[in-house]
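Chains A and B, in that order, give the protein sequences. Counting from 1, one number per residue, gives the positions in the first sequence under my numbering. Counting from 1, one number per residue, gives the positions in the second sequence under my numbering.
Bear in mind the hints are in silico, worked out from the structure with no lab data behind them. Be a bit skeptical, because a hint or two may be false.
[Said to hold, decoys possible] Quick list of in silico lysine-lysine cross-link-like pairs, DSBU-like style, CA-CA up to 30 Å:
1) Lys97/B to Lys153/A
2) Lys97/A to Lys9/B
3) Lys18/A to Lys287/B
4) Lys97/B to Lys294/B
5) Lys166/A to Lys97/B
6) Lys294/B to Lys84/B
7) Lys97/A to Lys128/B
8) Lys166/B to Lys153/A
9) Lys97/A to Lys219/B
10) Lys234/A to Lys220/A
11) Lys18/A to Lys18/B
12) Lys128/A to Lys18/B
13) Lys233/B to Lys97/A
14) Lys131/A to Lys306/B
15) Lys18/B to Lys166/A
16) Lys131/A to Lys131/B
17) Lys233/B to Lys219/B
18) Lys294/B to Lys97/A
19) Lys219/B to Lys131/A
20) Lys128/A to Lys128/B
21) Lys166/B to Lys294/B
22) Lys97/A to Lys153/B
23) Lys294/A to Lys128/A
24) Lys128/A to Lys131/B
25) Lys153/A to Lys294/B
Number of protein chains: 2
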Amino acid sequence: MHSFEELSKEFASRFSTKHFPSQPVNLYGPADYFLSLGGKRIRPVLCLMANELFDEMNPDAWYAANAIELFHNFTLIHDDIMDKAPLRRGMQTVHEKYGMASALLAGDVMLVVAYDYLNRADATYLQKIVKVFNQIAKEVCEGQQIDMDFETKENVTMDEYLHMIKLKTSVLLAGSLQIGSILGGAGDGNQQHLYEFGKNLGLAFQVQDDYLDAFGDPKKFGKQVGGDILANKKTFLLIRALEVANDVQKKEIKDLMQSNTEHKVERILSIFKSCGVDAWANQLKEKFLEESLKQLDDVAVLSSRKKHLMDLAGALIQREY
Amino acid sequence: MHSFEELSKEFASRFSTKHFPSQPVNLYGPADYFLSLGGKRIRPVLCLMANELFDEMNPDAWYAANAIELFHNFTLIHDDIMDKAPLRRGMQTVHEKYGMASALLAGDVMLVVAYDYLNRADATYLQKIVKVFNQIAKEVCEGQQIDMDFETKENVTMDEYLHMIKLKTSVLLAGSLQIGSILGGAGDGNQQHLYEFGKNLGLAFQVQDDYLDAFGDPKKFGKQVGGDILANKKTFLLIRALEVANDVQKKEIKDLMQSNTEHKVERILSIFKSCGVDAWANQLKEKFLEESLKQLDDVAVLSSRKKHLMDLAGALIQREY
Numbered sequence: 001m002h003s004f005e006e007l008s009k010e011f012a013s014r015f016s017t018k019h020f021p022s023q024p025v026n027l028y029g030p031a032d033y034f035l036s037l038g039g040k041r042i043r044p045v046l047c048l049m050a051n052e053l054f055d056e057m058n059p060d061a062w063y064a065a066n067a068i069e070l071f072h073n074f075t076l077i078h079d080d081i082m083d084k085a086p087l088r089r090g091m092q093t094v095h096e097k098y099g100m101a102s103a104l105l106a107g108d109v110m111l112v113v114a115y116d117y118l119n120r121a122d123a124t125y126l127q128k129i130v131k132v133f134n135q136i137a138k139e140v141c142e143g144q145q146i147d148m149d150f151e152t153k154e155n156v157t158m159d160e161y162l163h164m165i166k167l168k169t170s171v172l173l174a175g176s177l178q179i180g181s182i183l184g185g186a187g188d189g190n191q192q193h194l195y196e197f198g199k200n201l202g203l204a205f206q207v208q209d210d211y212l213d214a215f216g217d218p219k220k221f222g223k224q225v226g227g228d229i230l231a232n233k234k235t236f237l238l239i240r241a242l243e244v245a246n247d248v249q250k251k252e253i254k255d256l257m258q259s260n261t262e263h264k265v266e267r268i269l270s271i272f273k274s275c276g277v278d279a280w281a282n283q284l285k286e287k288f289l290e291e292s293l294k295q296l297d298d299v300a301v302l303s304s305r306k307k308h309l310m311d312l313a314g315a316l317i318q319r320e321y
Numbered sequence: 001m002h003s004f005e006e007l008s009k010e011f012a013s014r015f016s017t018k019h020f021p022s023q024p025v026n027l028y029g030p031a032d033y034f035l036s037l038g039g040k041r042i043r044p045v046l047c048l049m050a051n052e053l054f055d056e057m058n059p060d061a062w063y064a065a066n067a068i069e070l071f072h073n074f075t076l077i078h079d080d081i082m083d084k085a086p087l088r089r090g091m092q093t094v095h096e097k098y099g100m101a102s103a104l105l106a107g108d109v110m111l112v113v114a115y116d117y118l119n120r121a122d123a124t125y126l127q128k129i130v131k132v133f134n135q136i137a138k139e140v141c142e143g144q145q146i147d148m149d150f151e152t153k154e155n156v157t158m159d160e161y162l163h164m165i166k167l168k169t170s171v172l173l174a175g176s177l178q179i180g181s182i183l184g185g186a187g188d189g190n191q192q193h194l195y196e197f198g199k200n201l202g203l204a205f206q207v208q209d210d211y212l213d214a215f216g217d218p219k220k221f222g223k224q225v226g227g228d229i230l231a232n233k234k235t236f237l238l239i240r241a242l243e244v245a246n247d248v249q250k251k252e253i254k255d256l257m258q259s260n261t262e263h264k265v266e267r268i269l270s271i272f273k274s275c276g277v278d279a280w281a282n283q284l285k286e287k288f289l290e291e292s293l294k295q296l297d298d299v300a301v302l303s304s305r306k307k308h309l310m311d312l313a314g315a316l317i318q319r320e321y
């Protein structure tokens, strides 16, 4: 069995191959460019780790891992178009560099190539893993649409936000683990525990991401701190604050969201703190992490085999107590 | 066995079902809208006809037919975004009606649902049909990119144009037939003959389409006659004319393409005629149709079983002699 770091290295090496033909260059060039920007490759490695949990690695898990990573990159290329994002990982997004039409089409063909990798898996589990993959893919599209809907929706409840995050972020982590486990011969129960492990881990990660965007150390956090606040983005923190703040605070938050005054970030952070949103977020993250680890605990394999997945959860989610 | 019309009616009836959940409405509403615009459903019916050529209909052919039609509609939604087309079948395109982001995502999810239908096919042929489907899907993306590249490419040769049309239009017809035949238990040889039948039929159809855009009867032709000429679109006719015209004619064509004078269509048509491009196009169409029918003839089943496909070819391609 291998650690996240070991599989990550091995996957990165295997994934840095040619996934596309060279012609037409205006189609496959943009696709190659985007993959060259790299990434943490967490999802494919989750698939590999879940697979190794049950037995020696099934070689088909490498195909599934490729498919998952290509699918993830397809969603990023298309999300960047929809969000009009200029940068991704500090580099030009595909539509900025090559135009919208080529970015759209490069994403499309990347999704097809993802299915091509899946289809190389042995017939034993093929239909099952494609079914899970399709379900994830639909849900990720749904999550993206709901996220876009939120931009113009005035009141987003915590339940609605949780549902959106689950679809947009969590199900891909969850499904990557499930696909890996199917290829490892896991039964329905173990598949489901791993799915729930991933789902809750994803939720914990998102709470942490929202938290760090507001309260993170600018030196350690990769992005601009307060970016979500400046963009009026609905986050765990904002939605919670609007739930628990008093009327004066609520009005101030809503006024600040209408404006872009110099002290916007500072003022909103101050309200977050006086409402105890920071402590609440840490508790919520902890709750999801605990549920996640409980689900992993329930997977019916020797505890020693789960060590690497536990380590990974700990590394992704920093515990602060 | 059933005629094109019979299967077309039956497919239309079965296809007019709910392919998507109802929520989120901003994702699935645009997808439903586009499917409601209708279409001739030629590709799925080719799949069904090829299937019936070999035996009683395999029920899985209906799933494959759905997948093919959804794939085709996915490409139309995305092509319309790329081409900034305002109308499709006389109605607003998806991006015009719902915005670019929703159109992009509706296309994405439609492709996923297409794969979901494919994945319901019995394991016997699943891997084979998905392999063909993926190959087609990649080639259609390639064809669309090459077509976009042509917009800014000054000299497009006949070979390059043929290659583009093959990818953008023909392979989907060809592959639909091949997928149907695989599900009918056809061997490689018969699959290949049906593929080539569809490919050549597609080429004949495109020659006819280019011809009718220039020389069609405005009363019978659904679109504005001369539309390709006004848009400076590379077509079989234009490329041929630039190959065979004398220097004076060539210069006049190029000058007319730079301008948008009142007599542009009339002048270019006149040059087409003096170069004999109209007669040449009819011969070329005939050549592709003959090759197409020859390939159908080579399919090793009783001639009587091929009647419906022959009739269809004749109906799609009007013979004028």
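Going through the hints against the structure:
The suggested pairing of Lys97/B with Lys153/A holds, with an alpha-carbon distance near 20 Å, which does not exceed 30 Å. At most 30 Å may separate the alpha-carbon atoms for a hinted pair to count; Lys97/A and Lys9/B exceed this at roughly 46 Å. Annotation: proposed proximity of Lys18/A to Lys287/B is violated, straight-line Cα distance about 39 Å (limit 30 Å). Straight-line distance between C-alpha atoms of Lys97/B and Lys294/B comes to about 45 Å, which puts the hinted pair past the 30 Å bound.
For the hint linking Lys166/A to Lys97/B, the alpha-carbon distance of about 29 Å falls within 30 Å, and the restraint holds. Between Lys294/B and Lys84/B, the direct Cα distance comes to roughly 39 Å. Violation of the 30 Å bound is thereby established for this hinted pair. A C-alpha spacing of about 37 Å is found between Lys97/A and Lys128/B, which places the hinted pair above 30 Å, so the restraint is violated. Distance restraint check for Lys166/B and Lys153/A: the Cα-Cα separation of roughly 45 Å exceeds the 30 Å cut-off, and the hinted pair is therefore not satisfied.
For the proposed pair Lys97/A and Lys219/B, the alpha carbon gap of about 45 Å is over 30 Å, so the pair is violated. Between Lys234/A and Lys220/A the alpha-carbon distance is near 23 Å, which keeps this suggested pair within the 30 Å criterion. Pair hint Lys18/A plus Lys18/B does not hold up; C-alpha atoms about 39 Å apart against a cutoff of 30 Å. Between Lys128/A and Lys18/B the alpha-carbon distance is near 23 Å, which keeps this suggested pair within the 30 Å criterion.
Proximity of Lys233/B to Lys97/A is assessed by CA-CA distance (about 26 Å); at most 30 Å being required, the pair is judged to hold. With a CA separation close to 36 Å, the supplied pair Lys131/A and Lys306/B exceeds the 30 Å bound. Straight-line distance between C-alpha atoms of Lys18/B and Lys166/A comes to about 25 Å, which keeps the hinted pair within the 30 Å bound. Taking the CA atoms of Lys131/A and Lys131/B, the gap is near 16 Å; set against the 30 Å cutoff, the hint holds.
Proposed proximity of Lys233/B and Lys219/B is supported: the alpha carbons are some 22 Å apart, at most 30 Å. For the suggested pair Lys294/B and Lys97/A, the alpha carbons sit about 47 Å apart, so the restraint of at most 30 Å is broken. For the proposed pair Lys219/B and Lys131/A, the alpha carbon gap of about 48 Å is over 30 Å, so the pair is violated. For the suggested pair Lys128/A and Lys128/B, the alpha carbons sit about 16 Å apart, so the restraint of at most 30 Å is met.
Restraint check for Lys166/B and Lys294/B: the C-alpha separation of about 18 Å stays at or below 30 Å, so the hint holds. For the suggested pair Lys97/A and Lys153/B, the alpha carbons sit about 20 Å apart, so the restraint of at most 30 Å is met. The hinted pair formed by Lys294/A and Lys128/A meets the criterion: a straight-line CA distance of about 26 Å does not exceed 30 Å. Only pairs whose Cα atoms come within 30 Å are accepted, and Lys128/A paired with Lys131/B is accepted, the gap being roughly 17 Å.
In summary, the hint linking Lys153/A to Lys294/B is not supported, as the alpha carbons are separated by about 60 Å, beyond the 30 Å threshold.
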